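K.L.:
All chains, full assembly: derive it from the sequences and hints.
If you read the protein sequences in the order shown, they are chains A and B.
Each residue of the first sequence is one higher than the one before, starting from 1 at the first, in UniProt numbering.
Each residue of the second sequence is one higher than the one before, starting from 1 at the first, in UniProt numbering.
Because the hints were derived from the structure by calculation, they are not lab data.
Because the structure is a prediction, the values reported are computed rather than measured.
Any given hint might turn out to be false.
Claimed, not checked - Under the rule of at most 35 Å between Cα atoms (straight-line distance), these lysine-lysine pairs were calculated in the DSBU-like manner:
#, chain 1, residue 1, chain 2, residue 2
1, A, LYS609, B, LYS23
2, A, LYS609, B, LYS170
3, B, LYS170, B, LYS48
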Amino acid sequence: MSVATESAATTHDAHHGEPTGLWSWITTVDHKRIGIMYFLTSIFFLLVGGLEALLIRIQLFKPENDFISAELYNQLFTMHGTTMIFLVAMPMAVAFFNYVVPLQIGARDVAFPRLNALSYWIYLFGGLYLNASWFVGQAPNTSWVGYANLTSTQFSPGLNVDFWVLGLSILGVSSIMGGVNFITTIINLRAPGMKLMRMPLFTWMTFVTSFLLITALPVIAVALIMLAFDRFFSANFFNVAAGADPVLWQHLFWIFGHPEVYILVLPAFGVISDVIPAFSRKPLFGYPVVVYAGVLIGFIGWGVWSHHMFTSGMGPIADSFFVATTMIIAIPTGVKIFNWMATMWGGAIRFTTAMNFAVGLVALFTVGGLSGVMHASAPVDLQQHDSYFVVAHFHYVIVGGILLGMFSGLYYWFPKVTGRYLSEKAGAWHFWTTMIGFNLTFFPMHFSGMFGMPRRTWTYQSELGVQLYNQMSTVGGFILGISTLIMLYNVLKSAKSGAPAGSNAWGAPSLEWSIPSPPHHYNFPALPEVRSREPMWHDDERAAIEAVTLAHPAKEPEMPGPSFWPIVVASGVTATWALVMTGVWWVPLIGLAYTTFGVFMWAFEDPFKHLESSH
Amino acid sequence: MAEAAAVAHDDHHYTSTGLNSWKLGFWTLIGSECLFFGTLISTYMVYKGQSIVGPFSGDVFDIPLTTISTFVLLMSSLAMVLALDGVQRGNRKLSMAWLGVVIVLGATFLGFQVYEFNHFYHVGLGLDTNLLGSSFYVLTGFHGAHVFFGVVWLTTLFVMSARGKLPPSKALNVEIAGLYWHFVDVVWIVIFVLVYLIQ
Numbered sequence: 001m002s003v004a005t006e007s008a009a010t011t012h013d014a015h016h017g018e019p020t021g022l023w024s025w026i027t028t029v030d031h032k033r034i035g036i037m038y039f040l041t042s043i044f045f046l047l048v049g050g051l052e053a054l055l056i057r058i059q060l061f062k063p064e065n066d067f068i069s070a071e072l073y074n075q076l077f078t079m080h081g082t083t084m085i086f087l088v089a090m091p092m093a094v095a096f097f098n099y100v101v102p103l104q105i106g107a108r109d110v111a112f113p114r115l116n117a118l119s120y121w122i123y124l125f126g127g128l129y130l131n132a133s134w135f136v137g138q139a140p141n142t143s144w145v146g147y148a149n150l151t152s153t154q155f156s157p158g159l160n161v162d163f164w165v166l167g168l169s170i171l172g173v174s175s176i177m178g179g180v181n182f183i184t185t186i187i188n189l190r191a192p193g194m195k196l197m198r199m200p201l202f203t204w205m206t207f208v209t210s211f212l213l214i215t216a217l218p219v220i221a222v223a224l225i226m227l228a229f230d231r232f233f234s235a236n237f238f239n240v241a242a243g244a245d246p247v248l249w250q251h252l253f254w255i256f257g258h259p260e261v262y263i264l265v266l267p268a269f270g271v272i273s274d275v276i277p278a279f280s281r282k283p284l285f286g287y288p289v290v291v292y293a294g295v296l297i298g299f300i301g302w303g304v305w306s307h308h309m310f311t312s313g314m315g316p317i318a319d320s321f322f323v324a325t326t327m328i329i330a331i332p333t334g335v336k337i338f339n340w341m342a343t344m345w346g347g348a349i350r351f352t353t354a355m356n357f358a359v360g361l362v363a364l365f366t367v368g369g370l371s372g373v374m375h376a377s378a379p380v381d382l383q384q385h386d387s388y389f390v391v392a393h394f395h396y397v398i399v400g401g402i403l404l405g406m407f408s409g410l411y412y413w414f415p416k417v418t419g420r421y422l423s424e425k426a427g428a429w430h431f432w433t434t435m436i437g438f439n440l441t442f443f444p445m446h447f448s449g450m451f452g453m454p455r456r457t458w459t460y461q462s463e464l465g466v467q468l469y470n471q472m473s474t475v476g477g478f479i480l481g482i483s484t485l486i487m488l489y490n491v492l493k494s495a496k497s498g499a500p501a502g503s504n505a506w507g508a509p510s511l512e513w514s515i516p517s518p519p520h521h522y523n524f525p526a527l528p529e530v531r532s533r534e535p536m537w538h539d540d541e542r543a544a545i546e547a548v549t550l551a552h553p554a555k556e557p558e559m560p561g562p563s564f565w566p567i568v569v570a571s572g573v574t575a576t577w578a579l580v581m582t583g584v585w586w587v588p589l590i591g592l593a594y595t596t597f598g599v600f601m602w603a604f605e606d607p608f609k610h611l612e613s614s615h
Numbered sequence: 001m002a003e004a005a006a007v008a009h010d011d012h013h014y015t016s017t018g019l020n021s022w023k024l025g026f027w028t029l030i031g032s033e034c035l036f037f038g039t040l041i042s043t044y045m046v047y048k049g050q051s052i053v054g055p056f057s058g059d060v061f062d063i064p065l066t067t068i069s070t071f072v073l074l075m076s077s078l079a080m081v082l083a084l085d086g087v088q089r090g091n092r093k094l095s096m097a098w099l100g101v102v103i104v105l106g107a108t109f110l111g112f113q114v115y116e117f118n119h120f121y122h123v124g125l126g127l128d129t130n131l132l133g134s135s136f137y138v139l140t141g142f143h144g145a146h147v148f149f150g151v152v153w154l155t156t157l158f159v160m161s162a163r164g165k166l167p168p169s170k171a172l173n174v175e176i177a178g179l180y181w182h183f184v185d186v187v188w189i190v191i192f193v194l195v196y197l198i199q
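P.N.:
The following block contains the structure:
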């Protein structure tokens, strides 16, 4: 983190007003710093989740392997899924929301900068709490979907599920606050002239994602609360003996879980919808259609959840309905893919690493989308359910779609964040090892799945004939691991000694490229006026904007000062939830009292107090 | 609360819609809360009449009593409107009086709920007794927790008002608390109808 600040200090003398040092980072409420912190934390958890995946792959290298125990295997695949979804994919997108959205719409910060800091700290503490389960040897072990009634105390008596249910509900709080913050920011803090239909696609997809966050997360929150009450206070929500229906869990989980897929993938779509036009030197083909397709995906995403439940016996009417809705959602997604291709068509394409990853996304996500259409059909799904075919499908969607999109965004916006380019040479290595490693890992899973290898199973028999596919997957997994290390090396090295980048590193069209790299802590000295969708591509408009954005203000805009109360509140929220583990109803109240104290101190702290002391 | 102004500190509180960010953010949060209570209420409805052992809802619910507590809560919404009016006019006595009434009515509602929970428990309906116990206590308990949070919040505003720190320029603070309070009331109307009245 200090690396970025140092280079900032040397590149731009105007940054003298910005404090440096560890404490200033910990107490920061600046959306750009919080974005960087989100990114670094999600990379840390990516390494944790990746390590878990590699252990799984070693175990599956040969039939009847005894490298790890069945119990540990359960913990590994549960934590791998939970980590990658909640601690990597979501927060990594949030890292980009944080850094990029205010810059793209011409805002000085998000609407609630201090709430933003709170979101980050709750995410960090929630993630650490979840992973603390490893240190007591009782990591969650019922898979990331936590189906009832496997999670009941009868079948899961240990602390494993407790960590899972409480950890996830802590993380949900962070996500809902983030959603509220970004919706408000995008509606309310756009620069003059930045109409909704002039916003860059990344901001648009952040907007849609934020709506999905505030609507989907409460549903899983209630499901988790119900599970927690069952486990800690002997409630009956999923107790079959009391007449409860365990399928209720599946409905609530997937009513959240399917929109969650779009929470994950829409930001990636947003990234490449900005990257592809920038490196094709052409405006996005059919901009309004891409926007509406994104909104439509957000809506239809709510009506398809039960395609995860074809095998739970809902009956032919319900199955048919969800087959239809699921197939319909492929249409707006297909529309987007054709729009990206039409944008490239006839463009002056530059295959930078960011562009490579964007194009890679289009290719791999299409594979995942096609296998998705295959098991959107209920009869086909009955065959493929819980096999490695499904594992192949969602990794093509989630790694091939989301992670590649995030990497594309990393190479694209890194010059804005640090004022330096990432190495294109290391980037090429990163890209090709990712592509080779990824396809080698997950493509063979289509076959091992078709041959009958079940997912979430500790080992397999040699008679199944899937050993070769598994060995390919394992080798691919390690190549994917190496690619991540190359990326890490590139980031660390280029942050220090990468080639310097100007304010508009790529000649890209949107507003974030109109300010110095790295940006001042106040982003814009004065708010520029926007007149088109590609303000930096119209010479007169660009000149007018840069006259404002690159100018030295007579008086620097005043920004809210640092605060450590968000950390107090975040630790309080985490502690309150964690204390529920005691199962004694009044013990969490201690944490609640501490949280309440923090909230009051925070609410009555004047964010501009620091300005009085410095004047 | 000065935060919304932060981003546009020297741009004359510029927002692209002209709406205040705190109010907009709060409406968004209320939207999110709708899904929260919606899920709890749906669960109650799914499990309605599914309990294998008693007591059942007909055995424990006292509709006249709950009607009174519902009336108390609805009246508190009226008082909330008058309190906001008082703050906006800069009438400290009026605002304190009506804020006080909201707090007392909110606390009275909570008192009814404590009595109700206690009574139900003593006629044999615990959280762990049956599906009714689980879904009823968790749904109304979370609503009660929201009311409690609202009472604490309003008490803070009352103290601020008493210390002369709630001038008309800070009426937005009361307006947002009011939005919250009305939302919690509306949720109770839904709960009262679906849980108590339709059996």
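K.L.:
Would you mind marking each hint as holding or not holding in the structure?
P.N.:
Right, here's what the structure says about each hint:
no.: 1; hint: A:LYS609 <-> B:LYS23; result: 24 Å, holds
no.: 2; hint: A:LYS609 <-> B:LYS170; result: 18 Å, holds
no.: 3; hint: B:LYS170 <-> B:LYS48; result: 45 Å, violated
Violation of the numbered hints given earlier is confined to hint 3; every other hint is satisfied by the structure.
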